[in-house]
Structure formats: C-alpha cells, structure tokens
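Take the sequences, apply the hints, and build the full model.
As you go down the protein sequences, you meet chains A and B in turn.
For the first sequence, the positions run 0 to 387 when numbering that gives the first Met the number 0 is used.
For the second sequence, the positions run 0 to 369 when numbering that gives the first Met the number 0 is used.
These are computed hints drawn from the structure, not numbers from a lab.
One or more hints might be untrue.
Said to hold, decoys possible - Result set (DSS-like, lysine-lysine): computed pairs, CA atoms no more than 30 Å apart in a straight line: (1) B:K141 / B:K219; (2) B:K203 / A:K58; (3) B:K342 / A:K58; (4) A:K344 / B:K169; (5) B:K310 / B:K169; (6) A:K15 / A:K157; (7) A:K344 / A:K188; (8) B:K203 / B:K139; (9) A:K344 / B:K54; (10) A:K50 / A:K254; (11) A:K15 / A:K188; (12) A:K157 / A:K259; (13) A:K287 / A:K349; (14) B:K338 / A:K58; (15) A:K287 / B:K139; (16) B:K21 / A:K50; (17) A:K287 / A:K176.
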Amino acid sequence: MTTYYMEAMTAGENNKKIAWITSGGPVEPLIAMDIIPVYPENYGAMIGASKMGEDLCVKAEDMGYSSDLCSYARADISCAQVNGGPIGGLPRPDMLVCCNNICGTVLKWYEVQARHFNVPLFILDTPVCHTGYSPEIAAYVRRQIDEYIVFLETVTGKPFDHDRMVAVGHLALQGQKLWQRVLKTTTHKPSPMSAFDAFFFLALIVTLRGTQIAVDFYEELLLEMEERIQKGISIVPQERYRLLWDNLPIWYQLKWLSKKFSDHDACLVADTYTSAWCSSIQYIDENKFLDSMAEAYTRIYLNTGVDQMADQVLDMIRLYDVDGFVMHSNRSCKPYSFGQMDIMKIVREKTGIPVLMLEADMVDPRSFSLSQTDTRIDAFMEIIKQKG
Amino acid sequence: MKEIIPFHTAINDPAALAENIKEKSTQIIGYMCSYAPEELIHAAGFHPMRLFSSKSDIVLAENHLQAYCCSLVRGVLEDSLAGRLDYLDGTVFPHTCDSIQRLSDIWRLNTDYSFFADVVLPAKLNTLSARAYMTDVLNKFKTDLEKAIGRKITPADLSASIGLFNRIRKSLTRIYELKSNSPSIINGTDLFAIVKGAMIMDRKALAHQLETIVQMLETKTPAPSSAKRIILSGSICDMPDVYTLIEATGGTVVADDLCTGNRWFEGQMDETIDPLTALTARYADRAVCPAKHSGNFTRGDNLLALATTHKADGVIFAVLKFCDPHAFDYPYMKDILDKAAIKSLHLELDDQQQGLGQLSTRLETFTHMI
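Right, here's the structure in full:
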C-alpha cells in the first residue's frame, strides 16, 4: 500500500494520470489505461483509523457542510482544501470517476470535487435493483461502459487498449476469487482471522483490483491463513462465540472493539462490508469482461433491495455458523443503515440469534459513546453466553 | 378570495379529500417525489396524490427508520403504518435519494396496498443513454399500470392527460408570475395552499379552478408592495408558517426553487410529439433536483438566474434536516449568491418542528439585513 501511495503521489513526474474513483467504481479500465486510481473512501478510512476524523469533519462544517453528511465526504472535502490527513492529502486528480452503486452521496461529493478541481467527471449510473435486474437497466449500464471508455480516451488522449483490458479482467476476477477464499477461511473453527483483519486486508482488492500485485498478495495471505488453520492458530485465543458484523467499520475504535469482543471469547468471523468486493463474482464473465461489468457493478450488495440484503445476511449466518449479529447503525451511511431494522427483524425471526445494534459513525467519533457501547456489548454477550 | 377556500380545505384534510375521490370509484396512487409521472398515473384512470407527512409523532416508524432519517420519510411511513393512508390503492417510488430508496423497500415489505411500483429513473439526466433509459422505465411503468387496470393506456389517453397537466402547469406558472409582478396580489399562505392543493386535488376540476383564479387575479389592481423580495430554495417546504413569518417580518416570497413549487410545475410538455417522448423530455429537462445530476453548476446557475429575473433582495435556503442532496449543494449555491452580492439565509426545517420563536427571530434579522 505504501508503494501504491508513493506511486500515486509522484504520478505527475512519471507522466501518469490520476483518477479519483469511488470504492464501488469500475477500476479495471483505469488499470488497463495505466491511469492511477485513487480512492478518497480508502483515505477516509485511513483518516478514521488515525483518529483525524473529527478535526477534518469540523473543517468541512466550517465550510458550510452539514454535520449530518457522510463523514468520508466531509473529511475528503476538507482534505482537498487543507491537504490534511495522515499523508498530507491526496494527489490532485486529472479526472473523477463516480459510480452510484454504493449511494447517492458519492454523486454529490464528486460534483463538489469536480467544481473544486475543475476536472472532468464521469458518472456510471447504476439503477437500484430493488427487486431484480431488468433488461432496461442492463442496456443502460452497458451503454455507459462504452461511454466510459470514450471518456478515458478523451481525457488521456490515448486509444483504449482492449488487449490489456482482457488481461486486467482476468486479474480482477482472480483477485476477487482469492479474496473470497481468504474470507471463507473463517468458516473454520476456530477462525484464523477476524473481520478486524479483513477491514485492513481489504485495501488491495479495493485499490489494486486488476493488478498482479493484488493477486500475489491474496495468494500469500491465503497460504498464511491455511497454514494457521493447519496449525490450529486462532485469532481469538479462546474462540467460543462467532459473530457477524454489518456495515462499515468504526475505524477509530477498531482496536478497542477487537479487544472487547476477544475478551468475551467472541470472534467477528465475517462481515457484510468486506465481502461486497467479491459479492458479484457470479455475474462476471472473464472472457467478456466489459460486457459483464455492467451487471457485476450494478448488482452489488448495497444496490439491491432490503429483502435481498437480508437473504445474503441469512446465507452468511449459515455459512459462518454464527451465534450473534452485530449491526453498526452508521449515521454516515444511509443506504447501508436504513433497512437495518427490517433486516434485524428478519434475522431474529428466521434464525433466533441475538442481534445488537450499535449507534455510531465510521469516521466522526462525536457520534460514538464508548461507555454506552461497552455496556451494550456486555449485555449482548451475556445473552449469547446464556443461549450457548 | 372564495375561490381559494377549497384549496385550504383540501390541504387541511387530505384524507377527507381522498374519501370524496374514492366515492367516485376512482382509485388513488400516492407518491412522494416530484419526478413521479403523474400524467401516466392519471392516464390510467388513477387519481395521483402527492404524499406529505401529517406531522404526527413518530412511534411505529421508529421500528424501521433511525432518527437520522429525514422527517418527511419517517413521517409518511408513520402515516402509512398507523393506517392514516388506508385510502391509498397503491404507491409509486421514483428513485430519489438514498432515504427514499430504502423507504421504498421498507414500504414494499411492510404495507399492503394493492399496487406498488418502483420507477427507477436515472440519476444522471444529461446524456442520450440516460434519456433512452428514462423512456424505457416510463414505458415499463406504463405496462405495470396497464396490468393493474386490465386495459391499454392509449396514446390518446396519455395525450389528454398531458394536455390537462399542461393546463395546470400553465396556470400555476401564471399565478407565480402575477405574484412576482405584484407581490400583494395574493398572500403566501394562499399561494402555498394553491400549490399544495394542486398536488392532491382532482385534476380535472383543478385545471378549471386554477384558470378561474388566474382570471380573478388578472382583474385585480393590487396595492403597491414595498416588501423585501425573497426566493425560497430547497427541498419540500410543507410549512405555511414560513410564508406567514416572512410576511410578518416585512418580506414576501416572489419565486421559489422548491420541489413543492417551481421545480415541480415549471415548463410545458410538448403536445405535438409522441407522448412518451414528451414525458421523457420534460422530466429530463425540468429544473433538476439535487438528487439527480445534470451538470456540475446547473442548480447554482438556475438559482442565480431566478434571483436575477425576480429581482430578489434575498434567498432563503429552506432544507429539511438530514436531506443530504440539498446539504451538499448549499455551500456552493450560497457562494454563487455571495459573489453576486445576494444575501442568503440557511434554515434547517423539520416536519416535527416545535415552536416557531427561533425561526421568527432569524427571519426577522434576515429581512432587516437585506
């Protein structure tokens, strides 16, 4: 990751263009065009994890942005003004690529940055599949993939390299399959890693999807996890309870949360967040990558209906054989958080496992109460232990 | 003006209005967004009814939507779960914002009206592929409606409906024009009632009622007005008190950039072309909602043009708390006004708002400042 950021920071010197792109955005064509993708959301996570979120969010609020807006967006908008955050701001973009498959917030956020940097903005508009994918959506998104290629050719002044795209497509799928296998190693009891590890290992499948580096990294990681399984090494020393996590991490409290659950002999074996980067593998045809991209990018977890999301949660509960479900009600992420209460009800009815909902925010610590969370986790674990 | 009384009656008791409509064996389809294709709903023989929160306490919706969801979305869900919308035969959700997107799912899973449709319009409006997709989606919605009524919606049905809504739009535009020319011609509360009423009343009768009001206003010789000329910009403004308070502090609303105002009714649909193409053109070209994309500066440019055309002394941003699309646009729209030396005030509204004291003080300070 350090090499990646070093390369991004010196892109101009190496005559490379930089695209800022949303976390669910179509990165593969950028890689094929030798454009360096930079992820403000990944930087938002770094800001949160290094506890710099509050200061940057306040700066955005001073600029007139409401404190109710997404904290990734607030942190990024102020970083662009003051070069803040752990690496002193992100390299200036030559273009912006926004895919609204994760939320409508990114659309507004990227408009703000397009005005600020005065650079071209491409929007991949992926209509929400409330009850399924439709031929209208398929045709619309597929047409936009072609528009995207033309956009990239125009901004770079270079023709699109279709041969390179084929290779990148293979690597992207390979990377996602490996990531999926890494995540599935936690089906083993005891689990060799936890969601807290996955939150960090995730960085490469987001930022370097479609590269050999990501494939190599996950191959190595997979071997390591398999080795841990063979040797019986678990991430939580005395794993007795297995939990599923929902929504983005609470970046500034990961260490505390990890210890908190571990002290209860509980392991967060899986989560709905990191698995999103391999949730649409089934739609990818590596021999027709550009064609299948439309469906793969549109049918991701967050871009489906609440009942479909609940079905995926139920599948995960069965696959990972969990004893409890922890939901982060995240003030910053409305499409992820609204509907959670219905999912909670469905999970309770269909599985009977205890569900805990924690009120917080992924980056802004002002929406988090440590003492309250502490008490609620204790009470939740008490119920699980009684059931166990 | 006695012609405005039915509008006040309608908005004060939408349920009673709905019952009257149902007595005529007309079924009612509700929606919350100004992109809902009313013309299609009407052409299918349904009564199109915009939904607003009754502003009752949130009790049942607490089990579905967290407190950081806007009061409109929570309020309308509360009304539905509490049975206050039992007059509805169906609902339609055009894709709007993240909150309404999820409301659509929650609604589908927890309510039991006989008709339900998502009309997932594009979020991007300024490309040919988005327009083609919009036509496809409108066509699909037309088919959904046809299935519900068991007959085809003919081009003639749709053209007649477009003609009717054009009459409504034309009258509303004219009333706004008259208000801007002579602000004392009609007060804010009456104007509010007319516009809100126009979103819920029987459209055939409404078209006629509005034309009568236009005629009445055109013959009036209003007193000259020295009130400060204000433009309201924001999401929905479902608080008549805002208009009353502005007037009490020496201002008057001469134009708006609201989802429950100009953005909803401005412009005409082309009656000379294929009706579905005309629908697409209108919904793609109308003053854009911030939850949709039509260029990076479109909304700011529109607001500045509106302020200039209407010689505004000031702009009041009236935005619902937790409305992300508007909150993202506010800093740059304010900046555009600042550069043009137009003063603005930012109000964060909540349907469950208690007490108007603070609002009154802020409006008073603002009107005196401009």
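Output the numbers, in ascending order, of every earlier hint that fails for this structure. 1, 2, 4, 11, 12, 13 and 16
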